[in-house]
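Build out the structure end to end from the sequences listed, making use of the hints.
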Amino acid sequence: MKIYTKTGDDGTTGLFGGARVPKHHIRIESYGTVDELNSYIGLVRFRDIDPFAKETLAEIQDRLFTIGAILASDPSKSNLVVPDLHESDIEFLEKEIDRMNETLPEMRSFVLPGGNDTISFCHIARCVCRRAERLTVLLNEKEPVSPVVIKYLNRLSDYLFVLSRKTTQYNEEKEVPWRPRK
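The numbering used here applies: residue 1 is where the sequence shown begins, and numbers increase by one.
Don't read these hints as lab results, they were simulated from the structure. Take these hints with a grain of salt, some might be off.
Quick list of in silico lysine-lysine cross-link-like pairs, BS3-like style, CA-CA up to 25 Å [claimed, not checked]:
id	residue 1	residue 2
1	Lys-142	Lys-54
2	Lys-151	Lys-77
3	Lys-23	Lys-6
4	Lys-77	Lys-23
5	Lys-151	Lys-182
6	Lys-174	Lys-54
7	Lys-142	Lys-77
8	Lys-54	Lys-95
9	Lys-23	Lys-142
10	Lys-95	Lys-151
Distance ranges between label pairs, derived from CB positions [stated by the list, open to error]:
id	residue 1	residue 2	range
11	Lys-95	Ile-3	16 to 26 Å
12	Thr-7	Val-81	14 to 24 Å
13	Pro-177	Gly-17	45 to 55 Å
14	Asn-171	Glu-143	17 to 27 Å
15	Pro-144	Gln-61	36 to 46 Å
16	Thr-103	Gly-18	20 to 30 Å
17	Lys-182	Lys-151	36 to 46 Å
18	Phe-52	Lys-182	23 to 33 Å
19	Pro-22	Lys-2	20 to 30 Å
20	Ile-3	Lys-174	15 to 25 Å
21	Glu-87	Glu-55	16 to 26 Å
Backbone N, C-alpha and C define an ideal beta-carbon position, used for all residues, glycine too.
The structure is reproduced here in structure tokens:
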């Protein structure tokens, strides 16, 4: 497989299915942001976190490749074979959120993003996930996107927030509550 094809030198890129679109197309922004998210999750996965979370993050990275494939596919080509995302993938995230929450203290305020590098990377991944979700929702307004993709990204940002809290606990750090000025 050749890395450079030169076909994108004119500012366009190809979707699965053959259509060419500008590199700034909302579809490209959507799956490009999912790719960015996947890279941040890869960074978190190899830091000082709970070993069980590392396994979960590997599963999430696989699902993000699935989402990328879905978003990179030409919607006018119904005969394309693209990996599927399932409701069970969302349920998996919900179970992981519930499992981590069992040992976390109750939240009484917003938490300032930050902490050590690993905790901060979790927060950055959460923010990138929210951006991916917003872009995918915008894409959905123009071209239909499977609702399970949007739902998964929404739940994943929740997972990443709880992971930041769990990582704070795992690393014996302190959460910094937001105290609004009065």
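Hints, verified against the model:
no. : hint                          : in the structure
1   : Lys-142 - Lys-54              : violated, 36 Å
2   : Lys-151 - Lys-77              : holds, 23 Å
3   : Lys-23 - Lys-6                : holds, 14 Å
4   : Lys-77 - Lys-23               : holds, 20 Å
5   : Lys-151 - Lys-182             : violated, 36 Å
6   : Lys-174 - Lys-54              : holds, 22 Å
7   : Lys-142 - Lys-77              : holds, 16 Å
8   : Lys-54 - Lys-95               : holds, 15 Å
9   : Lys-23 - Lys-142              : holds, 16 Å
10  : Lys-95 - Lys-151              : holds, 15 Å
11  : Lys-95 - Ile-3: 16 to 26 Å    : violated, 39 Å
12  : Thr-7 - Val-81: 14 to 24 Å    : holds, 23 Å
13  : Pro-177 - Gly-17: 45 to 55 Å  : holds, 49 Å
14  : Asn-171 - Glu-143: 17 to 27 Å : violated, 42 Å
15  : Pro-144 - Gln-61: 36 to 46 Å  : violated, 25 Å
16  : Thr-103 - Gly-18: 20 to 30 Å  : violated, 50 Å
17  : Lys-182 - Lys-151: 36 to 46 Å : holds, 37 Å
18  : Phe-52 - Lys-182: 23 to 33 Å  : violated, 41 Å
19  : Pro-22 - Lys-2: 20 to 30 Å    : holds, 23 Å
20  : Ile-3 - Lys-174: 15 to 25 Å   : violated, 45 Å
21  : Glu-87 - Glu-55: 16 to 26 Å   : holds, 21 Å
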